[in-house]
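Chemist: Chains X and R are the protein sequences, given in the same order.
Going by this note's numbering, the first residue of the first sequence is number 15, and it counts up by one from there.
Going by this note's numbering, the first residue of the second sequence is number 23, and it counts up by one from there.
Because the hints were derived from the structure by calculation, they are not lab data.
Nothing here was measured: the structure is a model prediction, and the numbers come from that model.
Relax, there's no trap hidden among the hints.
Simulated coverage check for chain X against chain R, where a stretch passes if three residues somewhere in it have a Cβ under 8 Å from a Cβ of chain R:
1. 158 to 172
2. 180 to 187
3. 253 to 260
Cross-link-like lysine-lysine pairs, in silico, DSS-like; alpha carbons within 30 Å at most:
4. K104/R / K149/R
5. K149/R / K256/X
6. K165/R / K256/X
7. K99/X / K93/R
8. K69/R / K104/R
9. K104/R / K221/R
10. K285/R / K69/R
11. K165/R / K179/X
12. K179/X / K149/R
13. K165/R / K252/X
14. K93/R / K221/R
15. K207/R / K149/R
16. K133/X / K202/X
17. K179/X / K221/R
18. K221/R / K165/R
19. K179/X / K93/R
20. K165/R / K207/R
Glycine included, every Cβ here is placed at the ideal spot set by N, Cα and C.
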Amino acid sequence: MKLFGHRVPMMASLLVWCVAWEIIGRLDLVFLLPPFSDVLAAAVDLVQTQSWQDATVTTLRAFVIGMALSIVIGIPLGILMGRVKLGDETLGMWVNIFSSAPLSALVPVLMILFGFGEKTIVAAVFLFAIWIIVLDTRAGVRHISPSLIEMARSYGASHRALYGKIILWAALPEILAGIRLGLIRGVKGVVIGQLLVAIVGYGALFETFSRNFRMAEFWALTIILFAFALLVAELIEKVESKVAFYAGERQ
Amino acid sequence: MRIVTLQKEATPVPESLESIVEVRGISKNYGDVEALRDVDLDFPRGKLTSLLGPSGCGKTTLLKIIAGLVKADCGTINVDGKLVSAPGPERAFVFQDFALMPWATVIRNVAFGLELRGVARSEREDKARHYIVEVGLAGFENKYPHELSGGMRQRVGLARALAVNADVLLLDEPFSAVDEQNRRKFQEDLIRLRTNQNKTFIFVTHSIEEAVYISDRIVLLSPRPGRISRIIEPEIDRSGDPELIHRDGHYLDTVEEIWQGLKQYVE
Chain X
15 MKLFGHRVPM
25 MASLLVWCVA
35 WEIIGRLDLV
45 FLLPPFSDVL
55 AAAVDLVQTQ
65 SWQDATVTTL
75 RAFVIGMALS
85 IVIGIPLGIL
95 MGRVKLGDET
105 LGMWVNIFSS
115 APLSALVPVL
125 MILFGFGEKT
135 IVAAVFLFAI
145 WIIVLDTRAG
155 VRHISPSLIE
165 MARSYGASHR
175 ALYGKIILWA
185 ALPEILAGIR
195 LGLIRGVKGV
205 VIGQLLVAIV
215 GYGALFETFS
225 RNFRMAEFWA
235 LTIILFAFAL
245 LVAELIEKVE
255 SKVAFYAGER
265 Q
Chain R
23 MRIVTLQKEA
33 TPVPESLESI
43 VEVRGISKNY
53 GDVEALRDVD
63 LDFPRGKLTS
73 LLGPSGCGKT
83 TLLKIIAGLV
93 KADCGTINVD
103 GKLVSAPGPE
113 RAFVFQDFAL
123 MPWATVIRNV
133 AFGLELRGVA
143 RSEREDKARH
153 YIVEVGLAGF
163 ENKYPHELSG
173 GMRQRVGLAR
183 ALAVNADVLL
193 LDEPFSAVDE
203 QNRRKFQEDL
213 IRLRTNQNKT
223 FIFVTHSIEE
233 AVYISDRIVL
243 LSPRPGRISR
253 IIEPEIDRSG
263 DPELIHRDGH
273 YLDTVEEIWQ
283 GLKQYVE
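The whole structure should be built from the sequences, with the hints applied where relevant.
Modeler: See the structure below:
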């Protein structure tokens, strides 16, 4: 972007919106929207409170466990669907249903199954994140050129070597894209799970802030969450760009 | 030029030449399509034999059956006197679309066959380096496939096949995805390479000129169902300048002769 002949960094547009927010907030038009500077101040205060730090640890732990599970289970499942016709036929329909279903509706069921604790949150993250990882992995495996697999076979690759040295690597660009999208969905899962359970982690904080109309803190927490989701997605994108050179190579 | 056989029944067992690959009674159907019917064929040791024919004649299928990548419906393949039904270390394959790992450098690609055999890293990289030089890619060891031209990529594919030190090299239309200028150069290099390497080459191509230019013998296949229609041995002297072969009388006569034979299959 260029402005008056000077290069303006992309983040500058964000600054404009912050200023707009500040002005609207100062005008006191909407009660729900305190000035942006208040929100920032609230964020600084918030991160120093014990309750936020505890909530963050709880939330992060549930998120990490849920994501790890969905990656560890999702990738093999996707490879299975991409390689074995029977696996694809039996699982394909369900994966597609779950990947497009309104999963929030299922969280209450998870509560019945796993109780009002961390397990439900982990299950929610898993449920939100895994399907896109499965689908993207499957697509990646399907894309592998048949001659690359014939090559491995003709040079005597064992099953293990075929999967570990060829299939996993050849599908890696799609697998990483799946993980990136899965992470974003996982953040959704952790928040929705905690909101519905309402007594754990960020869910409890959101509940307290909105019930007591502490809007500055409410927005501060929201911004922290958004920033976190963007940051992890950005990190995965960094890794993705490292393998992008061969993603475009395949026909 | 010598026409070894005109009828399929007179299976060629050329005098004085020991055969390394023996194809016996191979048939293959893909659904209703009869790709190969009862093919008997011998490949003499240390020679370059081309499988030549129009598309749909089953030449690639036959090559992949010899490689053990495709199962035949019936018939047997013997390599060096041993019955084979799966890929083995005595055969190495060069792919039409190169089949290089795009995430690996040239040297790792070339060493991949050895890596799969569990050869130690330093040893396999030494071997790989040797063959990278042999195919004329010195200095490109640490490049990635996408940084190379089509011709160079296929040189990597060839070096990989040479590095495993197989007796039989199976080449599936190796130059069809290489542009014309690079193809000519590569063909010349292949003739030179053949004199250094004491290997048997089985070469699938649909180009008559290419087959005559590089082959010791040419097996002509007819389509639907794929079967052997003729075997020709172009007796061309390749010891001199490879450039001159294109103007050699024998060369031109053989190309013409084969074209007359194949014409009937071309609509």
